[in-house]
Structure formats: C-alpha cells, structure tokens
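Student: Assemble the whole structure, with the sequences as input and the hints as a guide.
Going by the numbering used here, the sequence shown opens with residue 1, and the numbers climb by one from there.
I should point out that these hints are in silico values taken from the structure, not numbers from a laboratory. Note that the structure is predicted; figures quoted are calculated from it, not measured. Where a beta carbon is used, it is the ideal one built from N, C-alpha and C, also for glycine. Don't take every hint at face value.
Pair by pair, the computed Cβ-Cβ distance ranges are [what the hints assert, rightly or not]:
id : residue 1 : residue 2 : range
1  : Ser7      : Val47     : 19 to 29 Å
2  : Gly126    : Ala38     : 40 to 50 Å
3  : Asn22     : Arg177    : 35 to 45 Å
4  : Arg110    : Thr223    : 24 to 34 Å
5  : Asn130    : Arg110    : 21 to 31 Å
6  : Arg177    : Pro42     : 13 to 23 Å
7  : Gly215    : Asp26     : 47 to 57 Å
8  : Asp104    : Asp5      : 42 to 52 Å
9  : Thr30     : Gly114    : 17 to 27 Å
Computed list of lysine to any residue pairs in SDA-like fashion (alpha-carbon distance at most 20 Å, straight line) [said to hold, decoys possible]:
id : residue 1 : residue 2
10 : Lys98     : Leu161
11 : Lys98     : Thr164
12 : Lys125    : Leu135
13 : Lys98     : Leu135
14 : Lys125    : Glu171
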Amino acid sequence: MQNVDVSARVWSHLLVLKGGANGTPDVAWTEGEAQALALYGPLAAPVDDVMIVAQIGQSLDGRIATESGDAQDISGPEGLAHLHRLRALADAVVVGVKTALHDDPQLTVRFADGDSPARVVIDPKGRLCNSARLLQDTSTRRIVVQSCETDRPAGVETLILPRTDWICAHEMIMALRELGFRRILIEGGGVTIAQFLEAGLLHRLHVAVAPLLIGSGPQSLTTNPVATLAEALRPETRFYNLGSDVLFDCALNPHIAGEKERVFNV
Numbered sequence: 001m002q003n004v005d006v007s008a009r010v011w012s013h014l015l016v017l018k019g020g021a022n023g024t025p026d027v028a029w030t031e032g033e034a035q036a037l038a039l040y041g042p043l044a045a046p047v048d049d050v051m052i053v054a055q056i057g058q059s060l061d062g063r064i065a066t067e068s069g070d071a072q073d074i075s076g077p078e079g080l081a082h083l084h085r086l087r088a089l090a091d092a093v094v095v096g097v098k099t100a101l102h103d104d105p106q107l108t109v110r111f112a113d114g115d116s117p118a119r120v121v122i123d124p125k126g127r128l129c130n131s132a133r134l135l136q137d138t139s140t141r142r143i144v145v146q147s148c149e150t151d152r153p154a155g156v157e158t159l160i161l162p163r164t165d166w167i168c169a170h171e172m173i174m175a176l177r178e179l180g181f182r183r184i185l186i187e188g189g190g191v192t193i194a195q196f197l198e199a200g201l202l203h204r205l206h207v208a209v210a211p212l213l214i215g216s217g218p219q220s221l222t223t224n225p226v227a228t229l230a231e232a233l234r235p236e237t238r239f240y241n242l243g244s245d246v247l248f249d250c251a252l253n254p255h256i257a258g259e260k261e262r263v264f265n266v
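Tutor: Laid out in structure tokens, this is it:
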C-alpha cells in the first residue's frame, strides 16, 4: 500500500483550501500525493456550518497507554505528524480535563506548517491549574468550558454551561460555534472522544494504529454495549499507510442540530 505523501505542494494547497479557496490545481499528482489529498482534502475544504473530527492513537491491541499511564510514544513519528496536521487544519482543538491534568499538553502545531488552533479544555469543576501549558501560552485563544466560576489568567475565555452531573455535548458544540469555530478537533482522551461519538456529533473519526502490543492499560474507545453485532456502528472507512502507523478514516453521520439529551461526562 502506497504511503501517504504530504509533499510541500500538497500541504500548500491544503492550507489554501482552509483559507477559503475552491478547487484543486490541474497538476499531475503522484499516487502518494493523491492519497494525501483524499485524506486531508475533506478536512480543509470550506465548511458551511461546523465539522467535528476526532483523532485517537492506539496500539494493535487497542490500548492508548500503559497501566502506569505512559502514552508518549504510542504513535510513531508519522502518526504524530498526522495529528499536528489535523491541528493545523482545525480552528479549535478540544481535550478533557483528565488529559490536560495528566499530560499537560501544549496543543500547538510543531510538526507541520500552519497556525495553532484555539485550545479548549472541558473542565466542569474547575480542576485545571492555571499554570497548565495550554493556558499559559498566549499565542492563540484559550477557552475553558466549565460549570462553576473559577478565576483564570488574563485572556483566558470561559464558557459557563449548566450541568447536573454532566455538561451537554450538544450545548458545548453550539457554544463553540457561536464563538466562530467551524472546524473542531476532539483530541482526547478516549473517554472524551467516546462521549462525542455516542452523542452523534462526529463527522469523522481517525484511528491511528501503531505496530506495538502493550498487553494492558486503558482501552482506546469504550461506548455503551450492544447486544448483537447487527447493532454495532459500521462507519464507511478508508485506511491509509502513514508509514509508522496505519490510519483508519471513518466517516460518520452526525446530527449536530438534533436532540440535546446526550451529555458530556468528565
């Protein structure tokens, strides 16, 4: 299987698409470049309303970390570059507070050309320390979704949304849309992605599988059980060879404006 080739001319075209242009140059793309355009083109194309993409990296046996929580090297170098390309094509990147507390991520674009997206952390109870790197870096917008009043550093925006035990995932997406975000990347962790998936909010799910076996540790995605395989979600899926990882690109059918009974739990 041909490796995805995100050449300089492919990536330049994708960034132009993100900027609002239409069409594809009439050039002779290589097979690898054509694969890259098929993978990233739908994510860079103009968005009429809102598009939500989730990305998760896992091992062959479906783990996203060891039992001790070590997840730093799950994805290979090309898998990591893929994640940074997704960030560069997004307007906002979202993580749950558990991921923010455990990993202290930067959520910036470092392994691809392009601007870093706004950083959004879902923190209903205000547990995230203000010294977290995603709040301290002032190079882009920083947003905390919470259900309580918590002092935040200057320039950090807060979205106060109601909850009982949870925050409604639909209401959160509506609030982010009101702030002007159209391309939203849900980056982690697995529980966060599963909640958006079960709420029917994802347009695409990217699962990057790295060739290693961990044996135990947190599972990739855990959703409500089904009684039979006939009830299982079977998205239209294409797979791509990134080099160090194999990517499964799953197309889903979201109902962004649908019922709001689904909730987000962190």
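Student: Among the hints numbered above, which are violated by the structure, and what are their numbers in rising order?
Tutor: The structure breaks hints 3, 8; every other hint is satisfied.
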